Amino acid sequence: MAFIDPTLTRDLGRRKKGNHAAGRPPVSPERRKALRRKFWRETGVAYLYLSPALLVLGVFSFWPVIKSLELSLFKWDMISPVKTFVGLKNYSDLLFKDEEFWLGIKNTLYYVLGTVPLGIVIALGLALLLNAKIRLRSFFRVSYFLPHVTSVVAISMVWRWIFHSDYGLMNYILGWFHIRSLPWLSEPALAMPAVIIMSIWRHLGYDVIIFLAGLQSIDKEYYEAAKVDGASGWQMFRYITWPLLSPTTFFITIISTIGAFKVFQEIYVLFNTGSGPLRSAYTIVFFIYDKAFRDWEMGYASAGAWLLFLLIFALTLIQFRVSRNRIHYS
Amino acid sequence: MAPDAQSAAGATTQAVALPAQPRRKGRKRSEAGGRLSPLALGAIYLALGIGAFIMLIPFIWMIVTSLKPMNEVTVFPPKWIWWPIHWHNYVDAWRTAPFGRYFFNSIVVAVVSTVLEVITCAMAAYAFARMNFFGKNTLFMLLLGSIMVPGEVLLVPNFITLVRLSWIDTYWALIIPWIVSVFGIFFMRQAFLQLPNELFDAGKIDGCGTFRFLWRVVLPLSKPVVTTVALFKFIGSWNSFLWVLIVTNTPNMRTIPVGLTYFSTEVGTTYNLLMAASAFSMLPILVLFFLAQKQFIQGIARTGLK
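Top to bottom, those sequences are chains A and B. Counting in the working numbering, the first sequence runs from 1 upward without gaps. Counting in the working numbering, the second sequence runs from 331 upward without gaps.
Hints are computed from structural coordinates only; laboratory data are not their basis. Just so it is clear, the structure is predicted and the values come from calculations on it, not from any experiment. Ideal placement from N, C-alpha and C gives every residue a C-beta, glycine not left out. Worth double-checking, as some hints may not be accurate.
Straight-line C-alpha distance at most 27 Å; calculated DSS-like pairs for lysine-lysine [as the list claims (entries may be wrong)]: (1) K220/A / K133/A; (2) K67/A / K534/B; (3) K220/A / K466/B; (4) K553/B / K534/B; (5) K624/B / K133/A; (6) K83/A / K106/A; (7) K534/B / K38/A; (8) K466/B / K38/A; (9) K67/A / K38/A; (10) K553/B / K33/A.
Computed far set for chain B versus chain A, every beta-carbon distance over 12 Å [what the hints assert, rightly or not]: (11) A377; (12) W391; (13) P414; (14) F434; (15) T450; (16) K466; (17) V483; (18) W508; (19) T540; (20) V547; (21) P550; (22) F562; (23) L590; (24) G598; (25) T599.
Partial list, computed: chain B residues near chain A (C-beta under 7 Å) [unchecked claim]: (26) I415; (27) H418; (28) M453; (29) S611.
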């Protein structure tokens with residue numbers, strides 16, 4: 001899921017250069033004309049091949065981006081024929097007046113900080129264990145990955161039952177350790193932790209698989225050399241595995257952060273279409289959904305979506321900045 | 331990302347394929363080091379075992395609950411052995427809501443959008459991989475840039491578009507917006523680029539039309555990538571929720587996940603029925619996953635490192 005495709009610019013560049021080098025010196029005008037005609041004919045064919053994809057993307061991806069920017073400057077309820085232009089008022093209201101929006105941001109940040117670092121640490125630990133020479137590796141891999149393919153809705157229902165305060169599995173297992181039963185889904189302070197536990201459980205397998213692929217791509221010779229030099233297990237992790245794994249770690253951090261900012265379905269189902277007791281799990285996407293499809297404030301909701309996008313974009317840029325000197329491509 | 335990412339990606343595709351042959355290497359490693367004592371090995375198995383237990387227990391809990399009569403469900407601490415086994419919960423759950431219709435909708439939407447996505451993406455990817463045309467570079471960058479825009483931004487305007495088209499509550503709304511994926515185009519393009527040039531020359535000499543060539547030669551040769559793209563599409567489509575919730579308003583058009591949330595508000599706290607419904611709603615995906623787990627896991631690993 002790389003956002004920037006390093007191969008693209010490279011091989012496009014290479015191809016262009018190749019054409020120049022091969023095509024330049026002794027080309028007669030007729031030949032050049034023929035080449036040009038061929039190029040335009042190929043352009044026609046290419047766009048024929050691209051047309052279905054471009055049509056759909058144009059209507060449902062590119063156009064809505066422009067449309068939603070425009071909408072965010074209006075006050076509009078979908079039904080009335082009049083859209084009132086309000087300029088940047090939607091944005092300023094969101095940022096300076098709307099407590100719900102800030103509640104959404106606060107809860108979303110709580111969720112992101114709760115899931116991303118912990119999830120990555122656990123996933124890395126499991127991947128390191130799985131990378132040892134063990135039997136049953138594919139069994140473990142499959143069982144860790146299983147939650148990731150199931151639908152959020154079905155599995156959130158299962159978790160709603162697990163977190164049940166009287167008969168739930170969670171409290172039963174806590175009972176083994178003599179911890180008293182907790183009202184997971186009805187106590188505001190516990191609602192977000194419950195969502196976080198479920199999300200880490202659901203996303204762990206994905207991170208483990210990617211870490212494992214990263215670990216397996218590290219050349220075994222480094223470890224053999226380190227062993228000859230008498231390095232300890234920790235030293236090997238610290239000075240070989242960790243630096244060589246840094247591109248993978250970085251990738252997972254970015255992807256999980258972006259994903260975590262968009263949390264919605266888990267909460268919607270876990271709290272039975274609500275946002276938790278006293279809105280304790282009210283997130284930004286929940287806010288956008290509420291504004292658009294419950295209050296029908298289309299312009300306001302669009303502005304909220306754009307602020308979410310800007311927030312994610314800014315954080316991604318910061319992550320790229322901060323990690324620039326810490327990532328080692330072997 | 332640095333340009334080395336490409337070589338890193340090449341290396342990992344190999345590494346991903348490794349599990350078939352690492353046995354010899356592994357043995358060599360343990361001989362050279364001989365470091366894993368039985369104690370360490372035991373600790374590793376214990377940790378991994380606890381992990382696997384945590385990952386699987388919700389599924390076990392779901393199935394256990396789904397087979398209990400209601401008076402057994404509300405017992406604390408829960409019993410793991412009970413009698414009689416209540417298979418009938420599945421029938422009851424199925425009959426409480428129009429699940430037949432939900433399943434039918436989910437299957438139609440998932441199958442049709444997967445097939446269409448493979449077609450549109452293969453065509454677009456073929457143009458990007460094998461043709462030289464005006465605006466290629468710009469267009470490709472534009473596509474990749476569109477990945478960064480979150481779906482939430484598109485939600486409102488797309489809903490408005492659908493209202494204008496009068497597509498609300500139709501299969502069109504559930505399928506058409508989702509038949510192209512930039513990831514799909516991207517991965518297929520990478521696969522097509524790796525095919526040898528000679529193949530394409532041979533195709534030209536044999537007078538094979540470009541279009542036929544794409545379906546008969548190029549796609550079959552890129553089977554792993556096509557399978558990965560199709561699998562992920564199918565699952566994504568089967569599990570998709572927010573969009574379906576917004577663009578449908580009658581039970582007739584609901585897919586499984588949305589139907590399930592309505593079912594859950596209806597049956598309330600009848601948890602045995604709820605678990606039975608959850609179980610059969612994820613059954614097709616679980617079967618698919620077990621049949622194709624290798625492709626899944628390799629596919630994930632591939633997305634991570636390219």
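- Task: Would you check the hint for K220/A and K133/A, treating anything up to 27 Å between C-alpha atoms as holding?
- Result: Cα-Cα ~13 Å, so holds.
- Given the hint that K220/A pairs with K466/B, does the C-alpha gap stay at or below 27 Å? 40 Å, violated
- Query: Looking at T599/B again, its CB stays over 12 Å from all of chain A?
  - Reply: Given a closest Cβ separation of 9 Å, the condition is violated.
- Task: Take a quick look at A377/B and tell me if its Cβ sits farther than 12 Å from every Cβ on chain A, holds or violated.
- Result: 6 Å, violated
- Message: Over 12 Å from every CB of chain A: does P550/B meet that, or does the non-interface label fail?
- Response: 18 Å, holds
- Message: Next item in the hint list is S611/B. Is there a CB on chain A closer than 7 Å to its CB?
- Response: 5 Å, holds
- Message: Min Cβ distance, M453/B to chain A: is it shorter than 7 Å?
- Response: It holds, given that the least Cβ distance between M453/B and chain A is near 4 Å, below 7 Å.
- Query: Does W508/B really sit off the interface, with its C-beta more than 12 Å from all C-beta atoms of chain A?
  - Reply: Its Cβ does come within 12 Å of chain A, the nearest being 8 Å, so this is violated.
- Is the straight-line distance between the alpha-carbon of K534/B and that of K38/A 27 Å or less? 15 Å, holds
- Task: Decide if the proposed pair is consistent with the structure: K624/B and K133/A, CA atoms, cutoff 27 Å inclusive.
- Result: Given pair K624/B, K133/A holds - Cα atoms ~19 Å apart, limit 27 Å.
- Message: Given the hinted pair K466/B and K38/A, is their Cα-Cα distance within 27 Å?
- Response: 16 Å, holds
- For the pair we were handed, K67/A and K38/A, check the Cα-Cα distance against 27 Å. 37 Å, violated
Checked against the numbered hints listed earlier, the structure breaks hints 2, 3, 6, 9, 10, 11, 12, 15, 16, 17, 18, 19, 22, 23, 24, 25, 26, 27; every other hint is satisfied.
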